[in-house]
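J.: Use these hints to put chain E onto chain A, whose structure you have.
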Amino acid sequence: MSAYQEENFFTRGPSPLARLTFFSLVAIAIMIADHRFQALAFVRLGVSVVLTPIEQAMMLPGKLVQNLGLYFSEQGRLITENATLNAKVMELTAGHQQAQLIRAERTYLTTLSEANKRFGDRGVLAEIIRDARNPFVRKVVINKGSSHGLRAGLVVIDAVGVVGQLTAIGVLTSEVTLSTEKNQSVPVMALRSGVRAIAVGNGRDGSIDVPFIPLGADIQVGDALVTSGIDGTYPAGLSVATVASVDRNPAFQFARISATPTSGTEQHRFVKVLTQEELKEYPQPDVKAEENKPGRERTGPKRREIR
Amino acid sequence: MDLTPASRDSMRLPVPLRLLIGSFVVAFLINLMPWRGLALQVYPDFVLLILLYWAMQEPRSVGQGLGFLLGLLMDVADSALLGQHALIYVVVVFLAQLLRVRVLQQSLPAQGLHVLALLSLAQLISVGLNLSMGRELSGIWLIFSPLLSAILWPAISVFLALPRLRLRPGQMIS
Chain A
1 MSAYQEENFF
11 TRGPSPLARL
21 TFFSLVAIAI
31 MIADHRFQAL
41 AFVRLGVSVV
51 LTPIEQAMML
61 PGKLVQNLGL
71 YFSEQGRLIT
81 ENATLNAKVM
91 ELTAGHQQAQ
101 LIRAERTYLT
111 TLSEANKRFG
121 DRGVLAEIIR
131 DARNPFVRKV
141 VINKGSSHGL
151 RAGLVVIDAV
161 GVVGQLTAIG
171 VLTSEVTLST
181 EKNQSVPVMA
191 LRSGVRAIAV
201 GNGRDGSIDV
211 PFIPLGADIQ
221 VGDALVTSGI
231 DGTYPAGLSV
241 ATVASVDRNP
251 AFQFARISAT
261 PTSGTEQHRF
271 VKVLTQEELK
281 EYPQPDVKAE
291 ENKPGRERTG
301 PKRREIR
Chain E
1 MDLTPASRDS
11 MRLPVPLRLL
21 IGSFVVAFLI
31 NLMPWRGLAL
41 QVYPDFVLLI
51 LLYWAMQEPR
61 SVGQGLGFLL
71 GLLMDVADSA
81 LLGQHALIYV
91 VVVFLAQLLR
101 VRVLQQSLPA
111 QGLHVLALLS
121 LAQLISVGLN
131 LSMGRELSGI
141 WLIFSPLLSA
151 ILWPAISVFL
161 ALPRLRLRPG
171 QMIS
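If you read the protein sequences in the order shown, they are chains A and E.
Just so you know, the first sequence maps onto residues 1 to 307 in my numbering.
Just so you know, the second sequence maps onto residues 1 to 174 in my numbering.
Derived by calculation from the structure, the hints in this document are not laboratory data.
Among the clues, some could well be false.
As the list claims (entries may be wrong) - So the derived label-pair ranges between C-beta atoms look like this:
(1) A29/A with G139/E: 26 to 34 Å
(2) L29/E with S147/A: 48 to 56 Å
(3) G13/A with L19/E: 19 to 27 Å
Yeah, the Cβ is synthetic: ideal placement off N, Cα and C, and Gly gets one too.
For reference, chain E alone in the conformation it holds in the complex:
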């Protein structure tokens, strides 16, 4: 399925508010699950992923302010240093605003590569902040978190586009 804005196959409705809020709530709940051990290191930050998606798709409604607030919420939930996630989320949203036109023109796997780069940068900031506070790197597994996010990106894009697609009569979702 071609979801790029240039494609003429799909027409999209404006995003319903409940889809926007619902996706954030679900992502937040997934993040709140008791991750531990290896899973704790490699699980993709779903809130950041959804935030990135909406920052690209709906730049009018989702901006850096929302990213900042969500970041603070995740800081408390993760018992991290207050402001750490906030900084990362704001930077990611900024880059999404900068790159969204270019990224959205491409196919979903190619978008995934851009996501990989963005989220790797986010992970790098996180590691840098933690190291600067004198903490130790707990393992090399942390690099798999952006990778998983990038793999999830096409699936999430399709999933969140489905409710607002208007198909032509006879057209199938391939």
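Same shape as in the complex, but just chain A:
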């Protein structure tokens, strides 16, 4: 430390208070830039490239212990599991053949009607590495990133339902915001009655709220909520949650509905990222048609082509 060779009697530079003011202002500016405008994604990306291998290395000791334990305990479990799985394969084979037929028929029909594409089998299997180290958010980190073709906004599912959505992409890892995160919303419909709704994460516990449902709407406890597919982000038909409680208080305009997520958003290990094609948000307006008829623009309500 050179400071000890040349002792300065007086400290130089700005005072601690001035420094505090400066750094606090910079920090607040960065926070605003990050929160409001999401302007600093590239900084995150850059630093995460360096951090990822270090994080992986720090997980090695835990994994080692875990694997050692598994080595001794898994053998018996695997044998029984294998037996049940074999039985299940036999059971499913018949169903699979039937499903193939139905899928072929459906492909033919959808090409005929040029209907919206639903998600196919395209997807990237990923493993959950860890929870986000932040007690305020409900996010997990998976081991696939932009180098595997992922981008922000893709939907993540597990074997039973929607897990969440990709929100931050690193090169080798990315962050999944669980559907139970506060204000994380998924457009859903009740499978039984067809009532459309929005499932919004609660954030406090692992439950999901369904706001803005009129008191008289046909929703019961036990109704399955599946994605409705009308937003263009979540493909239709994925299971999201099951209605757990419906509170119809006439004092309020809307019913208070709470649901439990179908997927084990807190405990699963492998997830699938659906890499569907990016849907256009809005249909392109027919510019030429309007140019040809300038006079008719204001005569009636503007019609938008609905695909």
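T.: Leaving out everything else, chain E in the frame of chain A:
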């Protein structure tokens, strides 16, 4: 062991650079471990603790600028809002600069109490920032993180002082 500057029992060498950097690297690695569940809420922020220690012991080398940079690094690592840890670290270092002479005169447990106050303030800022962004408080357990840090403070102080202590012949570390 009396580690206060006023004590005549211990003489200290200047801090070797590798101890300074090494302690930060180790603290950072510990923070990067996959904490989850309850442990995620109560684990002490080791980087902040080490930063606080050096800001008090070595104010010439460790200042608010370093705190700011480390904070940004932790923000990315914790997938927090960028700038959140940076703000907290800068505030803590500032308070350390303000209070260091007074704090270091006291015994290690008493220093721990000061640390408890400082880190509680840091935790309060963190909670306030998160609440202002519309997030929910995930539990009351968060208050134990500063407490654990305060308990760890004497141990860390002794541990980081050991490499640079010069003992008199015959003197023992008690």
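J.: Against each hint, give a clear statement of whether it holds in the structure.
T.: Comparing the hints with the structure gives:
The hinted range of 26 to 34 Å is satisfied by A29/A and G139/E, whose Cβ atoms lie roughly 31 Å apart. Take L29/E and S147/A: their Cβ atoms lie about 25 Å apart, and the range 48 to 56 Å is violated. Between G13/A and L19/E the beta carbon distance is about 25 Å. The supplied range of 19 to 27 Å therefore holds.
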